[in-house]
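A.B. asks: If you want the building blocks of each chain, they are given just below.
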Amino acid sequence: MLRRQLLGSLPLLGIGAGGLAYPVASRAQGSRGNTLVVVTTPEPTVLTNAINSAPSVAEVATKIYDGLLEYDMQMQPQPSLAEAWETSGDGKSVTFRLRRGVTWHDGRPFTSADVAFSLLEVVKKFHPRGPGNLGPLEAVDTPDEHTAILRLAHPYPPMMKGLSSLESPIVAKHLYEGTDIRNNAANNRPVGTGPFKFAEWNRGASIVLEKNANYWRPGRPYLDRLIFRFINDPATRAAALESGEVDVAFFGTITPAEMRRLAGLPSIEIAQGGYEALAPMMLLELNTKKKPLDDKRVRQALAYAIDRKFIADNIWYGFGKPAVGPISSVYSGSGLYTDQVLRFDVPDRVARANALLDEAGYKRGSGGIRFELTQDVGPYGDDYRRMGEYMRQAYNRIGVRLNLRTVDQATYVRRVYTDYDFDMTSGWYVGMGDPTLGVQRQYVTSNIRQGIPFNNVAQYSDPENDRLWAQAAVETDPGKRTELFHAIQRKLVEDSPIIWIMEMDLVALQNKRVKNLITTGLGVRGGLYETRLEG
Amino acid sequence: MAGTPAAGSRWRFLGRRALQALPTILVIVTVNFFLLRLAPGDPASVMAGEAGAATPEYMAQLRAQFGLDRPLALQYLTYVRNVLTLDLGYSFRYQESNLSLILGRMSATLLLMGASVLISVGLGTLLGLVAALRRNRIEAALILLATVLAYASPIFWLGLMFIVVFAIQLGWVPTSGMTTAGGPGGGIAYALDVLHHLVLPAVTLSLFYMALYTRLMRASVLENLRMNYVVTARAKGVPPRRLVLRHVLRNAVLPIVTMAGVQIGGALGGSVVVESVFGWPGLGQLAFEALFSRDLNLLMGILTLSSVVVILANLLVDLVHSIIDPRVALA
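Protein sequence lines correspond, in order, to chains A and B. Straight run, no breaks: the first sequence in my numbering ends on number 541. Straight run, no breaks: the second sequence in my numbering ends on number 311.
Same shape as in the complex, but just chain A:
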């Protein structure tokens, strides 16, 4: 509490220094040359995202590794290691023509054998989302060194959205074959085909990547060096960006309030976009097996009671927009999103919430209280606590007393996902390139897996819903697939096992001399080979 008040005084001091800020920024950059310095948090634990999907691991590793494909801002596939691709008529095989003349950072040639090995032996087995992205992949045929044919057990259109360097990085077979993959030394000294080569890791301080002079995109990357810095304190990270020691700060490194202040400085701006491949969604998971949350009317009432726009504008300083259902509007490009669902953002929402609770039989008792709930606040920073405090007030208006519980991540994961000892919990999920890949896990019966984080912890189970998801996963006709997803959204919003709050804008902050930071749907989780520095 004390800490937050004290930090609050920082912006005031910053305004006083406004006139000095710009020269300071250029002073720090003078001697650095063509080097981009990025701040992220936490420090990665390994440098190979084929075996670990933590965001900061991917942020570093996607500069070193390539995937078969990339995605544009509308999430349409673009060539990367694969130059061309074709899906067979029955949808059960996809042929990739691989780029010729690509070499690993150690000089060995890249071939179709690397693709087969990476997908089957590394990504599918070790990447936490591998089984989802490559689920029905049974074999990879390699008729020659530059052709890879992916053989599927059944048609699986979502796979084509999960072949980026973020989700299915291609690693070197000659370094991994026949080894203990999880403990392979190359995990911390990565060798890829990507735009940057690993140079050094100064633990606790920085990771240095150097330009890959033999990169297959001619003339790229523009940067000579890319340095990731790790600073534990959010206020210091903001100071480093302000002083110009750091050029780019990824989302989550600086609090939303500070981001707004910094973006107002003459030297700093928001780098728009770049989270389309993630489709991040902030939400409130409800324990649907616990009274009174087992009643759909109660869950709907809780969904009506909160003002999503207020949360987006005031708690998150506008870095996001109100959500209407489980599927983010970033999927609009492929037509999968609809807002034709039960809407909770109606003018008389508080009255409706009260009526639903009356109807469910939860009358107001002494002090106007119907029942009490506890919210386990997601362990992702103070802002989640503030959101919980807003909800406590909002739920007071419908006679529900909300208690907040804040613990560290290890305790939280144990309590919520292993012990199911919770009523509701706040957090955020990534939907990835296709709802089947990232959204489905929270809603289908087969994913109620006690002890495993980030699955169907709401324990929502509905045969009709399960059937719709199963059909959507294998449906190859885009029109029919769209229909299925619209039906899923109507069904889930009606049942409200989860309260969807906000589609998050995971934007980065950048010094204005940085150009072309965001050029694909992967954003800062892409290769950054087009990124340049001016001045």
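Hints are computed from structural coordinates only; laboratory data are not their basis. If you're wondering where the values come from, they're calculated on a predicted model, not measured in any experiment. Glycine included, each C-beta is placed from N, C-alpha and C at the ideal position. Hints are not guaranteed to be accurate.
[Stated by the list, open to error] Restraint-style ranges between C-beta atoms, simulated for each label pair:
1) A:S335 - B:A126: 36 to 44 angstroms
2) A:A476 - B:S87: 50 to 58 angstroms
3) B:L57 - A:K295: 46 to 54 angstroms
4) A:Y386 - B:F14: 50 to 58 angstroms
[Unchecked claim] Derived pair list, reagent style EDC-like, types lysine to aspartate or glutamate, alpha-carbon separation capped at 20 angstroms:
5) A:K131 - B:D298
6) A:K130 - B:E37
7) A:K521 - A:D112
Fit chain B to the given chain A structure using the hints.
C.D. replies: Same frame as chain A, now just chain B:
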């Protein structure tokens, strides 16, 4: 000095102290092991939590890899045996030897700690002496006021304010880190670069103890000035400057030396905050991250090695003490 009877007793005294340290370390290791096991959650769940996705196979792989599926007693016995052979094991999280992780960070922490002890002892002694000798003058009042401020301000707040003023507004020093990202890799330029980064965190970390030493020194000097030996010295005509430097200072500095041992012991705790605020890649930050990720092997390694450092530092303090005041070794 070696060979004289006084030095002999001094080394016996230190040897005795060193022997007492061994059971202390064993107790520390045991208490740490079981205390840390009480924390809910394990590293596998944290890593899965950070990954944002997980499968049962992934969790089981991690637990087996970390040896968390074995009985607790067995884990403990293995650990003690390993520590006795100076094997601190592997970090769950970083998949690297704990010893190399810790030693990699130890130098940064020792540098920060050493600099802050030097600053606080040096300036604290000096300011305390001035405050005592210039009693009832404006200098003394200003020094005492400054010590109250330094003593009462939260350390992270001071750190952030220093960053705002000296790094952002004035631009004299960098905000954080130990070296310039992509800066010089060696030689004089590198040393200067580190020194440039060291100034703010070292000063921040030293302020609290500097204030403490100033007050301690002032009280101690004032007390000594009233002692009979000072009266005697004055009576036999010792000049005032020589009286202070040769007689009073040597006696008055004893509590400071004792307190410096405490400072070194507490430096690791204090440096967690300072290292965090200034992005200093030291042990404090490593310990902090290890705790929150339940990387218990690494955390125990840090605690064990730190306790060794603290014990060594106390031996050093004892040694210094016995040189300044030979009565200590004979007691």
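A.B. asks: Does the structure break any of the earlier hints, and which numbers would those be?
C.D. replies: Structure breaks hints 1, 3, 4, 5 and 7.
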